[in-house]
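There are 2 protein chains.
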Amino acid sequence: MSVLIKNVLLNDQVQDVFIEGNRFEAIGPDLDASAREVIEATDMAVFPSFINAHTHAAMTLLRGFADDLELYTWLNDHIWPFESKLTYDDIYIGAKLACLEMIKTGTTFFCDMYWHMPATLRAVSEMGIRAALSSVFIDFNDPRKAKDFRARTRKFFREKEDLDRILYTLGPHAIYTVSRDSLIWISEFAAENNLLINIHLAETRKEVEDCVKTHGMRPVEYLESLGFLGPNVAAAHVVWVTAKEMDILAEREVKVVHNPVSNMKLGSGIFAFKELSNRGVCIGLGTDGCSSNNNLDMLEEMKIAALLAKSSSFDSAAVPANILEEDLKDYLESAYLDPTIFTAGQALECATVNGAGIFGLDMGKIAVGMLADCILINLNHHTLLPRHDLVSNLVYSASSEAIDTTICNGRVLMQNRKVPGEEKIIEEIKNWENRLRTTT
Amino acid sequence: MSVLIKNVLLNDQVQDVFIEGNRFEAIGPDLDASAREVIEATDMAVFPSFINAHTHAAMTLLRGFADDLELYTWLNDHIWPFESKLTYDDIYIGAKLACLEMIKTGTTFFCDMYWHMPATLRAVSEMGIRAALSSVFIDFNDPRKAKDFRARTRKFFREKEDLDRILYTLGPHAIYTVSRDSLIWISEFAAENNLLINIHLAETRKEVEDCVKTHGMRPVEYLESLGFLGPNVAAAHVVWVTAKEMDILAEREVKVVHNPVSNMKLGSGIFAFKELSNRGVCIGLGTDGCSSNNNLDMLEEMKIAALLAKSSSFDSAAVPANILEEDLKDYLESAYLDPTIFTAGQALECATVNGAGIFGLDMGKIAVGMLADCILINLNHHTLLPRHDLVSNLVYSASSEAIDTTICNGRVLMQNRKVPGEEKIIEEIKNWENRLRTTT
Chain A
1 MSVLIKNVLL NDQVQDVFIE GNRFEAIGPD LDASAREVIE ATDMAVFPSF INAHTHAAMT
61 LLRGFADDLE LYTWLNDHIW PFESKLTYDD IYIGAKLACL EMIKTGTTFF CDMYWHMPAT
121 LRAVSEMGIR AALSSVFIDF NDPRKAKDFR ARTRKFFREK EDLDRILYTL GPHAIYTVSR
181 DSLIWISEFA AENNLLINIH LAETRKEVED CVKTHGMRPV EYLESLGFLG PNVAAAHVVW
241 VTAKEMDILA EREVKVVHNP VSNMKLGSGI FAFKELSNRG VCIGLGTDGC SSNNNLDMLE
301 EMKIAALLAK SSSFDSAAVP ANILEEDLKD YLESAYLDPT IFTAGQALEC ATVNGAGIFG
361 LDMGKIAVGM LADCILINLN HHTLLPRHDL VSNLVYSASS EAIDTTICNG RVLMQNRKVP
421 GEEKIIEEIK NWENRLRTTT
Chain B
1001 MSVLIKNVLL NDQVQDVFIE GNRFEAIGPD LDASAREVIE ATDMAVFPSF INAHTHAAMT
1061 LLRGFADDLE LYTWLNDHIW PFESKLTYDD IYIGAKLACL EMIKTGTTFF CDMYWHMPAT
1121 LRAVSEMGIR AALSSVFIDF NDPRKAKDFR ARTRKFFREK EDLDRILYTL GPHAIYTVSR
1181 DSLIWISEFA AENNLLINIH LAETRKEVED CVKTHGMRPV EYLESLGFLG PNVAAAHVVW
1241 VTAKEMDILA EREVKVVHNP VSNMKLGSGI FAFKELSNRG VCIGLGTDGC SSNNNLDMLE
1301 EMKIAALLAK SSSFDSAAVP ANILEEDLKD YLESAYLDPT IFTAGQALEC ATVNGAGIFG
1361 LDMGKIAVGM LADCILINLN HHTLLPRHDL VSNLVYSASS EAIDTTICNG RVLMQNRKVP
1421 GEEKIIEEIK NWENRLRTTT
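Top to bottom, those sequences are chains A and B. For the first sequence, position 185 (counting from the first letter as 1) is numbered 185 according to my numbering, and the numbering increases by one without interruption. The number in my numbering is simply the position in the second sequence, starting from 1, with 1000 added.
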């Protein structure tokens, strides 16, 4: 399989990009190459496709299901009861819609944690994109549940099929849903099997308060005390962390996934972008699931990440825990509001190279030898003109409609905004919706 | 001119909508009506089109021109020098791109303040949408400039042509760019001629500090002391206001325009949505100009307005001014972060009926007798499925690609996402860009 992208804008220069198999093979002006598939890309620019570093794909099914609620009400009274009824088939359909939406918005890799993981795996395989997949691990401190989960995890990794485009990870849900023993077990199992761990961490103030009550320390300190933290941990949210906890995360080279829209929508808190990036922490970007976003659009996520950091550049997370009251007002006035931080370029890095760094992928750059994952954007789209600064236009202005083509692993998944089979997926979702209406 | 929209979803019911001239004439299932233009709208829903209550249309030309900078550096060193070179022709082209972008994103009315207003007027007239237009009034405390501006304003309103879809307003830029005398003059001129006034107010902390230094009081108090405030004033931004100032705004029935993206991007501050709406203030929504946003997409603006309010529901504006230090920590902890405020429904109200309220328009509702301004959204678009809650999907999930049709004043301006003449506008912008590159 080979693809030749002709006359595309890359690094301010019109070039050709030649893909052989699943990697970029050659890049330059007027390449002397012939390919099975030629894309004439005049008036288009090529960018790395996006990496959605934390989501729950099948939660597309819960889009708009329970909005404008507090996190624990939302989880306990709405989301978890609904989810408990979802079958393999439901999740397969929901994940297919998610994959479609990601292809349409330029994402070719996502990190997922959910129920019925094989259903999501099947959707990803069929749709042609990449994913890091984990079965959500929740034992609610019940030793029987823990035992069962561990047995299932062992069995899964013994028998798993190695598939192209699929990375298997471990998915302990959070410190308040997984027992101490299981967290230790997961950490050891990950070390033995060289696996990434995907966990929600320090998402809400309640999580911190409960952790302090139960364990006498804060969430990051607790995981550190278990020997859990390391470069193989991708921690999502990480909103309520003190300076000391941020130091621990930096020292252990924990990867952090920022979910600005979800944190804002659920009122979870404000991510300390400046403080974490100043410590050199690798920060990826994720949409979280559709029920707390309510879409999977990384263009939107990049913009909102930058806006949020600029408008709340103080370390809100540290405020209640660290600062003396007499210092607080000065602290707020000096540190609060800074339009110069989290630039468009940094947002794009979070959504591409940083995500690749988290998952150890040869992605995030258009360069020879890298995996051939990219998007072509239509430079004549109204949101991309005039072109004083293409990266700024992409991050702050572009709508996903400006993404003409999405390529993953050397295969064209969308061209001229058409994804083969999309009408069928839409029909399947509508049928699912009708079944839901008639059974409830 | 008549348009019949067949089988469209409205208020959870499939209905027909009949437009005669520029108003909705009849609404109901299976209407017995014949029209010159019939739109088959199965699998579409009809919503009021959006009202962008504060923008600077031609600033599309400055999209991405100077990002990630502090407001006064941005204005003084980048925006104003660039703008001083813009000609009538430039602004006409920029405003056409803005109108195109608004039609594509479902907006049919915008309130504008800019230079070379007749150029924007021409663009609006040709593109078929509506606008409230004002020439920006800036005298920098120079009596000669003030005299000149007043003479020009008088002349304009004496000679102005009354045009369909155009509302003329007054546009004093801000209290720091317009002299005391001119503000008083404008207020009186508005009263005599029954005009709306469009002004930037309390946008930054610096504006407050400078006002206190110069006038011994805060911006809203200053305007109140001049007798300036009334129901005909649409104040944009209104970020740095104390409880006392909010009381004044409510009492005088001043209309407020929230610009969340611009306020976040420039790090201007956090709008006190809860406190102002609790006082019954009419709050519209605006994108501000493209150089501080960087687009004109009201779908995005609605979502970000809600997210911002949920994640910063304390009155940050009041914090430095009002709260005793010993109360601050409690205040933050109690008032900060509330996912239940600024619901999807409220966001939609801000962008439709509230905007109509500000400008006295029969818009913002799909009802017999109202102006026939509406959008048709494609219910099969991936961002709108499944449909647990259509308003939530529109506000939190939809991309503008889901807007199929835009109708203004009974005329179909976009159908199947095509706006007649759009390629020509894109070409004109690219030519403008090329001229800019060769002359600088």
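A portion of the hints provided could be inaccurate.
[As the list claims (entries may be wrong)] Listed below are the simulated SDA-like cross-link pairs for lysine to any residue, each with C-alpha atoms no more than 20 Å apart in a straight line: (1) Lys244/A to Asn194/A; (2) Lys1430/B to Thr42/A; (3) Lys1430/B to Asn378/A.
Don't read these hints as lab results, they were simulated from the structure. All of these numbers come straight from a predicted model, not from anything done at the bench.
Evaluation of the provided hints:
no.	hint	verdict
1	Lys244/A to Asn194/A	28 Å, violated
2	Lys1430/B to Thr42/A	14 Å, holds
3	Lys1430/B to Asn378/A	14 Å, holds
Violation of the numbered hints given earlier is confined to hint 1; every other hint is satisfied by the structure.
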